[in-house]
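Since the structure of chain Z is already known, use the hints to place chain U on it.
Below, each chain spelled out in residue letters.
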Amino acid sequence: MTQQELQHLYWRASFGLNPAENKSLPKNKKQLVDALFINSYPISPIKIDLSFMDGVSLKTLKNNPKFAQELRVKSRKKLADLNYAWILQLIESKQLLREKMTLFWANHFVCKDNHVVFAQKYVNTLRVHALGDFRTFVKTISKEAAMLKYLNGKQNRKNQPNENFARELMELFTLGEGQYSEQDIKESARAFTGYNHDFDGNFRFRIKQHDHGIKTFFGKSGNFTGDDIIDIILENKQCASYISDKIYRYFVNPKPNKKHIDAMAEVFYKDYNIENLMRFVFMSDWFYDEINIGAKIKSPIEYLIGMVKTVPVEFEREKDILKIQRILGQTLLDPPNVAGWKGDKGWIDANTIMVRLKLPSVMLNNAMISLKNGETDLKDDLKKAYLKKNKSNLPFRIKANWNRFSENYKLIDIDNLQDYMLQGRTNIGTADYLKTLNKSSKQEYCIQLMSLPEYQMC
Amino acid sequence: MDRRKFIKNSALASSLFFVPNFIKAFEAVATEQLGYKRLVIVQLAGGNDGLNTIIPYNNDFYFKARPQLAITKNVIKLSDDLGFHPSLSPLRPLFDKGELSIINNVGYPNPVRSHFRSMDIWQTASGADEYLQSGWLGRFLDQHGKKPYNALEMDEQLSLAMKGEHFNGIATYDYKMLYKTTKDPYFKNIINHYNDTHLSEHNLGYLYQTMIEAKSSAKYIYENTKVATSQESYPNNGFAKQLKNVAQFINSGLDTKVFYTSLSGFDTHAGQNNKQTKLLSQYAESVFAFVKDLKQNDTFKDTLILTFSEFGRRVKQNAANGTDHGSANNVFVIGKDLKQAGFYNNLASLSDLDNNGDLKYSVDFRSVYATILSNWMNVSAKGIIPTEQKTMNFI
Numbered sequence: 036m037t038q039q040e041l042q043h044l045y046w047r048a049s050f051g052l053n054p055a056e057n058k059s060l061p062k063n064k065k066q067l068v069d070a071l072f073i074n075s076y077p078i079s080p081i082k083i084d085l086s087f088m089d090g091v092s093l094k095t096l097k098n099n100p101k102f103a104q105e106l107r108v109k110s111r112k113k114l115a116d117l118n119y120a121w122i123l124q125l126i127e128s129k130q131l132l133r134e135k136m137t138l139f140w141a142n143h144f145v146c147k148d149n150h151v152v153f154a155q156k157y158v159n160t161l162r163v164h165a166l167g168d169f170r171t172f173v174k175t176i177s178k179e180a181a182m183l184k185y186l187n188g189k190q191n192r193k194n195q196p197n198e199n200f201a202r203e204l205m206e207l208f209t210l211g212e213g214q215y216s217e218q219d220i221k222e223s224a225r226a227f228t229g230y231n232h233d234f235d236g237n238f239r240f241r242i243k244q245h246d247h248g249i250k251t252f253f254g255k256s257g258n259f260t261g262d263d264i265i266d267i268i269l270e271n272k273q274c275a276s277y278i279s280d281k282i283y284r285y286f287v288n289p290k291p292n293k294k295h296i297d298a299m300a301e302v303f304y305k306d307y308n309i310e311n312l313m314r315f316v317f318m319s320d321w322f323y324d325e326i327n328i329g330a331k332i333k334s335p336i337e338y339l340i341g342m343v344k345t346v347p348v349e350f351e352r353e354k355d356i357l358k359i360q361r362i363l364g365q366t367l368l369d370p371p372n373v374a375g376w377k378g379d380k381g382w383i384d385a386n387t388i389m390v391r392l393k394l395p396s397v398m399l400n401n402a403m404i405s406l407k408n409g410e411t412d413l414k415d416d417l418k419k420a421y422l423k424k425n426k427s428n429l430p431f432r433i434k435a436n437w438n439r440f441s442e443n444y445k446l447i448d449i450d451n452l453q454d455y456m457l458q459g460r461t462n463i464g465t466a467d468y469l470k471t472l473n474k475s476s477k478q479e480y481c482i483q484l485m486s487l488p489e490y491q492m493c
Numbered sequence: 090m091d092r093r094k095f096i097k098n099s100a101l102a103s104s105l106f107f108v109p110n111f112i113k114a115f116e117a118v119a120t121e122q123l124g125y126k127r128l129v130i131v132q133l134a135g136g137n138d139g140l141n142t143i144i145p146y147n148n149d150f151y152f153k154a155r156p157q158l159a160i161t162k163n164v165i166k167l168s169d170d171l172g173f174h175p176s177l178s179p180l181r182p183l184f185d186k187g188e189l190s191i192i193n194n195v196g197y198p199n200p201v202r203s204h205f206r207s208m209d210i211w212q213t214a215s216g217a218d219e220y221l222q223s224g225w226l227g228r229f230l231d232q233h234g235k236k237p238y239n240a241l242e243m244d245e246q247l248s249l250a251m252k253g254e255h256f257n258g259i260a261t262y263d264y265k266m267l268y269k270t271t272k273d274p275y276f277k278n279i280i281n282h283y284n285d286t287h288l289s290e291h292n293l294g295y296l297y298q299t300m301i302e303a304k305s306s307a308k309y310i311y312e313n314t315k316v317a318t319s320q321e322s323y324p325n326n327g328f329a330k331q332l333k334n335v336a337q338f339i340n341s342g343l344d345t346k347v348f349y350t351s352l353s354g355f356d357t358h359a360g361q362n363n364k365q366t367k368l369l370s371q372y373a374e375s376v377f378a379f380v381k382d383l384k385q386n387d388t389f390k391d392t393l394i395l396t397f398s399e400f401g402r403r404v405k406q407n408a409a410n411g412t413d414h415g416s417a418n419n420v421f422v423i424g425k426d427l428k429q430a431g432f433y434n435n436l437a438s439l440s441d442l443d444n445n446g447d448l449k450y451s452v453d454f455r456s457v458y459a460t461i462l463s464n465w466m467n468v469s470a471k472g473i474i475p476t477e478q479k480t481m482n483f484i
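Protein sequences appear in the order of chains Z and U.
Under this note's numbering, the first residue of the first sequence carries the number 36, and numbering increases by one thereafter.
Under this note's numbering, the first residue of the second sequence carries the number 90, and numbering increases by one thereafter.
Here chain Z stands alone, though its shape is the one from the complex (with noise of 0.2 Å):
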């Protein structure tokens, strides 16, 4: 495998690779990708401290207004230190593909919550199920506290329908729009009545205010369960075909092809085990193909993950974190809305261009970007007077580790830097530009690398 089909690999498997990484990895395709996968066999559920909530009943709520006001409150702050918890995971997580997997099905399963007990629950069922049996994990979703109360799946009666989880559980979920019927949605929503949770966000299901009588959804009839809807739907190869094109436009190129979507189909119907299909996905020919290395415009919290892993950072505040999500528009744990990130070229704008573009220097190297030779008219003493002016204007506290970068690309000869920074084609006047650049060190080539359009793309 050369360099370039390498790193392809684990941008999309992960957030990139570090040269230094390469050395202990084995040479051949089938082996590197066992590797990916046996590295995410374990699973490291988030847990922060949520001990705000001992010994808090629904009871102690209900009489004390005030009281569950506070802790809804508190739930709030909470939910930053949850999102921390998630990116720290991010960067440091051994199971990369478990992790990149569970970005991807956050996107998927779209929910929000402001109860931070439910909402780490819902990440961590993510977590669990990312590589395993799409079927079980259907289910599990449908019984998932956040997932009852973002689609008014407990609002959902005997008598009194509500149709939001049905419908999204098809158009979102599972098949896309327009493989069903309205009657479908209304027979389906009845399935799922009673469905609801306690307390603590474990699943319950109140019997009597379930529906037990007939319905009849995609052409069968029967006393369904909520579990017997979504058994029916994963029988319809449409759902093995909508999952493999979202996972083709996620891991592979935004721009769907046909035959190779039509091909990872036929590998998920057979069993709907998810890692058969990326072992597939990342085992085909066809994966590696020029055309869709570096077709990928970055997701903000790639962009920023992968870049911290190029150059590690402490966040001296936690609050920067949540701030640099917000400007380039990703924040974990609040989605838009239940059809999740548009994704693509959707991440871009005029605004969020710029702030990607220049995120790097400000974050890494005091917003400061040199230039080639003679073209900057800032003399060593100045250059000193004017970092230490912008330090102090700099909208984050986060102090960058080059130290850890130099030793990770010892063995990397500068001119070949970019090789292992960007993927994908370069832009042929900006590849001249980038020769013309006075090339004096590792670190001040990295920042330049990092705030070009073409560092957007994995």
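Hint data in this document are derived by calculation from the structure and do not stem from the laboratory.
Quick caveat, the model's predicted, so the values are computed rather than measured.
Yeah, the Cβ is synthetic: ideal placement off N, Cα and C, and Gly gets one too.
Careful, some of the hints might be misleading.
No more than 27 Å apart at the CA atoms, straight line, and that leaves these computed lysine-lysine pairs for DSSO-like [stated by the list, open to error]: (1) U:Lys364 <-> Z:Lys97; (2) U:Lys330 <-> Z:Lys358; (3) U:Lys272 <-> U:Lys333; (4) Z:Lys184 <-> U:Lys449; (5) Z:Lys377 <-> U:Lys166; (6) U:Lys166 <-> U:Lys381; (7) Z:Lys174 <-> Z:Lys281; (8) U:Lys364 <-> Z:Lys377; (9) U:Lys330 <-> U:Lys315.
If you only want the chain U side, here are some residues facing chain Z, beta carbon under 10 Å, derived [unchecked claim]: (10) Pro198; (11) Val201; (12) Asn257; (13) Gly258; (14) Ala260; (15) Leu267; (16) His282; (17) Tyr283; (18) Tyr295; (19) Tyr297; (20) Lys304; (21) Lys405; (22) Asn410; (23) Met466.
Frame of chain Z; chain U shown alone:
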């Protein structure tokens, strides 16, 4: 002043000095020819309690439903039944002059009581059961926009409302910062060297294209915004700053048709009165200053201000002296020469509520949008508002 700065400033001063008069005259004509209507959106995020904003101060049901929360003192009476929350007193002159139209009971069928979802519905002009990925103002831009700066949002993030299928407005809380960023000499060099036309069909080409657009838009906004236009003093809060910037852009004659502003914190589940009093004051004082500013510059006649919230709140108060998520709500339209100023319609019945205990809507918010598009922006609502709507007659 150091020498560099001095040279820079004096160079700037002298270039202004030497602008021939005929060019200035030409500029004036050019601005006039662009004579178009501007729309300013004010979003009250969190779900403003409409019943304590426009108060049915003679209605027994109101007092019964809100024993602790009903506003009993200093209601500013506007009609026999309805009056302003005391905080809205700065808007009284507008109401009296016929420059404010209050549309009651605005909502949509099968109301959704989730903030996120309901805000999406308002921003995309969708129905309760459909998900659109583009906003109504974005689709307006798709059809009628030429430059990204035709629509500006005073925030770091572009709202869904401002995202079209092919065209996005610009979000910037600080246009000077955006300009400063685009002026980094490194980026200038990158743009100058960029030379591959074939790439424009690919994602990378799109990035370059957006970068170039950002640079030219930021430059346009920065260079065409006259800093000293505002004589008006604004209150000291973030929302006022947004409006002040909008006034600056409008009074400078920027070719921007839509401005988007937002004030948040209206989700008053507990201890509502203090919070809402503060927020409504911020809103009314800022809008008052804004309108005055526009009037002084003779631009009010070309500006329409629409204020909305994603939903109203439950008629009955809750145990924490707050209110829970409701449905239909009032919408404010501010402008000169309104066809129907004052109260556009009566408040819906407080005794005939929906199953949830919320007001029933009588005006679809999409017909408010459609009316603004056709009667104010002079464009067809077709392709912008997905469902056909009746045109109203407030403008």
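Hint check:
1. U:Lys364 <-> Z:Lys97: holds (23 Å)
2. U:Lys330 <-> Z:Lys358: The given pair, whose Cα atoms are some 20 Å apart, holds under the 27 Å limit.
3. U:Lys272 <-> U:Lys333: holds (24 Å)
4. Z:Lys184 <-> U:Lys449: With a Cα-Cα distance of about 24 Å, the restraint between Z:Lys184 and U:Lys449 holds, given a limit of 27 Å.
5. Z:Lys377 <-> U:Lys166: With a Cα-Cα distance of about 47 Å, the restraint between Z:Lys377 and U:Lys166 is violated, given a limit of 27 Å.
6. U:Lys166 <-> U:Lys381: Within the cut-off at roughly 23 Å; holds.
7. Z:Lys174 <-> Z:Lys281: Holds: Z:Lys174 and Z:Lys281 sit about 19 Å apart, inside 27 Å.
8. U:Lys364 <-> Z:Lys377: violated (35 Å)
9. U:Lys330 <-> U:Lys315: holds (16 Å)
10. Pro198: Given a least distance of 14 Å, the restraint on U:Pro198 is violated.
11. Val201: With a closest approach of 8 Å, the U:Val201 hint holds.
12. Asn257: Holds. Min distance 4 Å.
13. Gly258: With a closest approach of 8 Å, the U:Gly258 hint holds.
14. Ala260: holds (5 Å)
15. Leu267: For U:Leu267, the interface hint holds, since the closest Cβ of chain Z sits about 6 Å away, which is under 10 Å.
16. His282: Holds. Min distance 4 Å.
17. Tyr283: With a closest approach of 5 Å, the U:Tyr283 hint holds.
18. Tyr295: At about 6 Å, which falls below the 10 Å cut-off, the nearest Cβ of chain Z leaves the hint on U:Tyr295 intact, so it holds.
19. Tyr297: holds (5 Å)
20. Lys304: Result: holds, 8 Å to nearest chain Z Cβ.
21. Lys405: With Cβ-Cβ at 14 Å, over 10 Å, it is violated.
22. Asn410: holds (9 Å)
23. Met466: violated (22 Å)
Violation of the numbered hints given earlier is confined to hints 5, 8, 10, 21 and 23; the remaining hints are satisfied by the structure.
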